[in-house]
Amino acid sequence: MPNFTMRVFRGDPAGGDFKEYRVESGVGMVVLDVIHRIQATQAPDLACRWNCKAGKCGSCSAEINGRPRLMCMTRMDIFKEGEPISVAPIRTFPIIRDLVTDVSYNYEKAKQVPPLRLRPPDADGKYRMMQEDIERGQEFHKCIECFLCQDVCHVIRDHDLKKRFSGPRFFIKIAGLEMHPLDTRDRTEFMDEQAGVGLCNITKCCTEVCPEHIHITDNGIIPLKERMADNFDPIVLVVRKLRGHKKASS
Amino acid sequence: MATVEYETHEHDVLIIGAGGAGLRAAIEAAAQGVSVGLVCKSLLGKAHTVMAEGGIAAALGNVYPEDNWQVHFRDTMRGGKMLNNWRMAQLHAQESPERVLELERYGALFDRTKDGLILQRDFGGHRYARLAHVGDRTGLEMIRTLQYHAIHQPIDVYMECKIERLIKDGDRVCGAFGYWRNTGKFVLFKAKAIVLASGGIGKAWKFTSNSWEYTGDGQSLAYWAGADLIDMEFVQFHPTGMVWPPSVHGILVTEGVRGDGGTLKNTAGERFMFNYIPEFFKGETADSQEEADRWYQDKKNNRRTPDLLPRDEVARAINSEVKAGRGTPHGGVFLDIASRRPADYIRKRLPSMYHQFKELAGVDITKEPMEVGPTCHYVMGGVRVDADSTAATVPGLFAAGEVAGGLHGSNRLGGNSLGDLLVFGRRAGLHAALYCKNLGGRLTVDAGQVESIARTMLEPFARSGGENPYAIQSELQETMHNLVGIIRVEAELKEALKKLEVFKQRAAKVRVEGGRVYNPGWHTALDLVSLLTVAECCALAALERKESRGGHTREDHPYTDDTWGTVNLVARQQGDRVDLRREPLPQMPPELRALFQERK
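These protein sequences, in sequence, are chains A and B. One rule links them: number in this note's numbering = place in the first sequence (from 1) + 18. One rule links them: number in this note's numbering = place in the second sequence (from 1) + 6.
Looking at chain A on its own, in the form it has when it is part of the complex:
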């Protein structure tokens, strides 16, 4: 079995450093397996989050060799033997301990998103939606809330505009609601004033790191920006009023 040198960040809010562990790797192992092996044999108090170990829960986000990834979906055989592999916590959020960070910002932002406001059902009491009308929404619903997109977003990471910016995760949440065939709510003001959609300058870093391969920028953020532009355009507003539309392109 090949041996690997893992450089794992150990520390807390007061500071910390990378610590080296020599680990034997097995066939098909992923980084999370190696972290568990270190826990079981060398550092029982090494802190990390994980749940499903199958890329479905989005708990084990980390920066592996500097790249934001899920530890459970990163196979060891993509690395060259002999080269040390660094595992660090996602940097944008305050550290709690070792690989665990305080992601409560995301839960605060989640609460701010105005929820679905349902239209009345059809005459027979049922709701009907066509498959082609929900496919985009279903794409956004694939989000596992790993917050890697939030981690890598410049507005949050480098400019720390957390107060007036919800971040890509919540832009696709909003987009999912805006494109929901049964929704009747207008979120234009919220998108502009609280979510800060305008602050995104479309560098697509979020899309690049998404483990679910959601087209965050192209399918989510850009349509939101267009919708906002439309909704602030006085001519479009007048036309829509005359036609009785409540929302843009819904």
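These are computed hints drawn from the structure, not numbers from a lab. Built from N, CA and C at the ideal position, the CB exists for glycine as well. One should not assume that every hint holds.
What follows is a list of derived Cβ distance ranges for each label pair [to be verified]:
| hint | chain 1 | residue 1 | chain 2 | residue 2 | range |
| --- | --- | --- | --- | --- | --- |
| 1 | A | Lys37 | B | Thr119 | 47 to 57 Å |
| 2 | B | Thr569 | A | Ile96 | 51 to 61 Å |
| 3 | A | Gln149 | B | Ala600 | 35 to 45 Å |
| 4 | A | Lys37 | B | Ala477 | 14 to 24 Å |
| 5 | A | Lys98 | B | Glu72 | 30 to 40 Å |
A short list of chain B residues far from chain A (calculated; beta carbon distances all over 10 Å) [to be verified]:
| hint | residue |
| --- | --- |
| 6 | Lys52 |
| 7 | Leu107 |
| 8 | Phe509 |
Model the placement of chain B on the given structure of chain A, informed by the hints.
Chain B alone, transformed into the frame defined by chain A:
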């Protein structure tokens, strides 16, 4: 000794666990106007529900108008080999359609029929295509929908908080004591009613589809508080888990693969399930490949493929094939959808499976068969509850979802878990709230009780010598896998019980390194106590039940025995030992019994 420090929160209803059942309970309790606290061991939205793949069984009748709650009820009872609590099975079948429609009103986007209604898919043991689903990530859709609905309700959510013990005032529960994983500090919740919604026990086995959280916490909390557990011998091994590479052994492969046309084959290329159709299901199962394949399109004139027999049957069949030397080199069998359905269809219907095999095993499931084998998946047994109210046998305590026993009898049908969470989660929230409203007098939390729990929790830090908790946990998993696994026998069960005794003594001496802040070593040491408790209940009940039924197969008692078909095994704490009793199964009324005479 110094006084133990802890913070205190107070609620009418405290819900332990924030998967589907806990979230649905919280939403319902909040709607009743009582104060609600929701505690979760992980971050919100990460609970095990997120891993459910195939769908929610509900007789909506969107695909087959012939479907109704009676058919669903009958399928559920037969799948559970008639050991189910009939009233729970009835409520579940009656109420799950409304619970699914409610999720849609909360914003869930299920896959659609051509008419724009909720599409339903085939699954094992269900007569009609019945599972509302979103590709193969239905659990994610469900938990996210409930989560985003719940955060706009008056519910206080306590994340990464683990409850260690329930507190009682006389006979009644009056609180729960635990710690924050982030800080290691203690926390007391005072509550008039407590709903357990904490999931299963699968982490007691080596190869499991369950996450680290599934350590039998709720079953143990109830048991230590004096409540009854039932049917703990019945553990479901899902027939299809990944077997290769070793690091992913046990990860779930949805039954939806077979629901959408996949078939099981041995290394000779034989569709072996045709050799394993039990007498009990002969009438409703296709006996030729042609009929089985026609059934996917025409259910009126053909019987169901044996690939979709209930999970216990399929898991045993795979086990037998491998034992007979017809398994793959990695100890599984083949699950083939590549040769049976177009690649586009597979990617559309089973996107997570496609992704999972591609990334973790380097297998393209649209081109090659998967290698699969049984993996520990679900415990049918659990806290004994009243069917209508979900009340446990201790006043003020309620339980819903996997932590509760009864609904699934000796074997759960796929798709019946998500419905269970919604139907009984709602009932738990409702009845816990009603209980609070009717409760007279005051409840008092005894500080002495709390302090003694806290001191016990801190002991592992103070010990010199002693073992690493991970080592004991891993030996326990090995033992349960080898001796209390899919096929059981008296001598091995007795050996398992002996080993469990030794593990208990070793666990009482574990030592933990480091501090209290986010220390997984400490968390593992604490979880070990509940894991050992449920493992013992399971092994004891498995030794006692001298027959084979559903998720309990005895090599030395290979047949189903009618006299055992009328009793539940009930486990209760008696000092430091388990008191195991046989109690009569509730008998269903004649009008429901008649449903089983109509058609074989």
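Hints, one by one, checked against the model:
no.: 1; hint: A:Lys37 - B:Thr119: 47 to 57 Å; in the structure: 55 Å, holds
no.: 2; hint: B:Thr569 - A:Ile96: 51 to 61 Å; in the structure: 58 Å, holds
no.: 3; hint: A:Gln149 - B:Ala600: 35 to 45 Å; in the structure: 40 Å, holds
no.: 4; hint: A:Lys37 - B:Ala477: 14 to 24 Å; in the structure: 22 Å, holds
no.: 5; hint: A:Lys98 - B:Glu72: 30 to 40 Å; in the structure: 60 Å, violated
no.: 6; hint: Lys52; in the structure: 5 Å, violated
no.: 7; hint: Leu107; in the structure: 8 Å, violated
no.: 8; hint: Phe509; in the structure: 16 Å, holds
Going down the numbered hints, you'll see the structure goes against 5, 6, 7, while the others check out.
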